[in-house]
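There are 2 protein chains.
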Amino acid sequence: MPQAALRGGIDLGGTKIQAIIADKDNNVLGQARRPTPTTGGPPDVIAALIEALEEAAEAASVAPDALTGIGVGAPGGIDEATGSLANAANLPDWRDPVPVAQLLGDRFGATVKLGNDVTVATQAEFTLGAAREFDSLLGVFWGTGVGGGIILDGRVWNGRGTSGEIGHIPVRHHGIRCPCGRHGCMEAYAGRRAMEQRAREAVDDGQHTDLFKIMEEKGRDRLTSGIWARAIDRGDELAESLIADAVEALGTAVASACNVLDPEAIVIGGGLGVRFGDPYARRIQDAMMPHLFHDDDPPVIRVAELGDLGGALGAALLVA
Amino acid sequence: MPQAALRGGIDLGGTKIQAIIADKDNNVLGQARRPTPTTGGPPDVIAALIEALEEAAEAASVAPDALTGIGVGAPGGIDEATGSLANAANLPDWRDPVPVAQLLGDRFGATVKLGNDVTVATQAEFTLGAAREFDSLLGVFWGTGVGGGIILDGRVWNGRGTSGEIGHIPVRHHGIRCPCGRHGCMEAYAGRRAMEQRAREAVDDGQHTDLFKIMEEKGRDRLTSGIWARAIDRGDELAESLIADAVEALGTAVASACNVLDPEAIVIGGGLGVRFGDPYARRIQDAMMPHLFHDDDPPVIRVAELGDLGGALGAALLVA
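These protein sequence lines are chains A and B, in that order.
Note that numbering that gives the first Met the number 0 has the first sequence beginning at 0, numbered continuously upward.
Note that numbering that gives the first Met the number 0 has the second sequence beginning at 0, numbered continuously upward.
Calculated directly from the structure, the hints in this document are not laboratory data.
Don't take each hint at face value.
Rough simulated footprint, nothing fancy, chain A against chain B, three-plus residues with beta-carbon under 8 angstroms [said to hold, decoys possible]: (1) 61 to 74; (2) 78 to 88; (3) 141 to 151; (4) 254 to 266.
Since this is a predicted model, take the numbers as computed values, not measurements.
Cβ atoms here follow ideal geometry from the backbone N, Cα and C, with glycine treated the same way.
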């Protein structure tokens, strides 16, 4: 018996692809995750998207061609009208536009829509997660980089396609270089990639840290959120110092964004945001207060509720 | 013969009250200006509002009771539903809510609406002025303080009543004290009041400047926009140095706001913004570029077109 309004949602990240099958009430019926191909270019990534969604459908005991719609959240330059993706810096050899919606639509016989990864994750927290009772929201996704999603009066605000770039709000005059090439951006202090770079430089300067020892113990090749959390638990001073810088930079930039938007709520998500949870959301709020104009009634600050599935659920909302 | 849809608009500022009479096409039929009372509390300010609007009506050859609506742009805490104003720091003894709409409505027999002064001035530039052809706009009002107005998809965004506070975006870590009490705010470097304070401190420290000599020549008791412009024309090094700091602070904070909003256009208004005009709008744009994320296609930046009447025209739009 065909089920009504089954949808697929895919969160296409630089590290992993998360796919889900959602029913009309946004219950997750099945899911699958696989690493994002690091070679092979767009064809291999498209193949991985298809496989992940097929696997999620199988987990949900749903025929792949039963999906009425598929949403994809992705980084990079999205043309919503054509459903193409270009200049995805974290995906292999992905510069020219690729008609992702058409390629997935041909395979599954469904309507496919693309959305910005941070925006759809913000929409998911707004509609289904930590910010359900609010009308305006700033989503703060603290991970490899730091992205922001904006919902005002219940509607996503995308600007001219590049809104919510809170990671690139300058927080230090003549500050350190950000992975984006600018100086003093919040992400230069708070992004996981930038924090790892700072840790490596500190080690080169002779400072002690257990961060890279923990990385080896865990068999990883980068400082994941879990490694940072482990180091903090062990009282690693360098890790605590870099995280303190990150929290202060986050507080400053999020306060700046709030001085502009004055939203009802802030949801902190992303790998680091979810891993560090409520105690760090409170530390970020404390770091905001000296710079927050509306400080007699600060926005409510919460940790993302949907965790790893938020991006894929938000993607599925694109075709709800 | 009664004229259709004549409206009054009043810009209630800390220094002056500007009133206009506008017809249905927003032509200004008459105007009047008077200083804002510095003593006497709300009753004297209300009396001055009434006199200014009566004088504007007389200049327009319109009977005061012919107005169908009156809009008032004001600083402070506005309750749009009740039309009351509270906590207007720049007005004498104005803390408790005063029913401004009711008091003016009783006098003129017209509908009266209150709006934030910066927001209505932004609306005026959006509807009638420098940003007519755009759908999204950041208004930057560079004067005694620095305020921001936001229009997205053609609609004002007020947040929870305190949006657009771009003057209090932090631009320097542990920066100088702002008139608001916080540290490192853009307004601490760029607001006219704060710049005057910096100039006085520099003189106390033995630095030379013609700023205060020009002030005496002009018979003023504060460093007006015109005095700053005159000093710059004379090559006054302290004035140029403080203005350079102001431009850099403006560029940093406006870029931060653009990284959040990604608007189509920016309009620079306010006493200093209008006085310094296009060359300084370009300097502000140059100062934005190192921090602007969407730098391959920066927002259009223009100087406000409506000049001193923008606030009053925007107020009249509240009842259009």
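Query raised in the report: Honestly, which of those hints from before does the structure not fit?
Result: When the structure is compared with the hints, numbers 1, 2 turn out to be violated.
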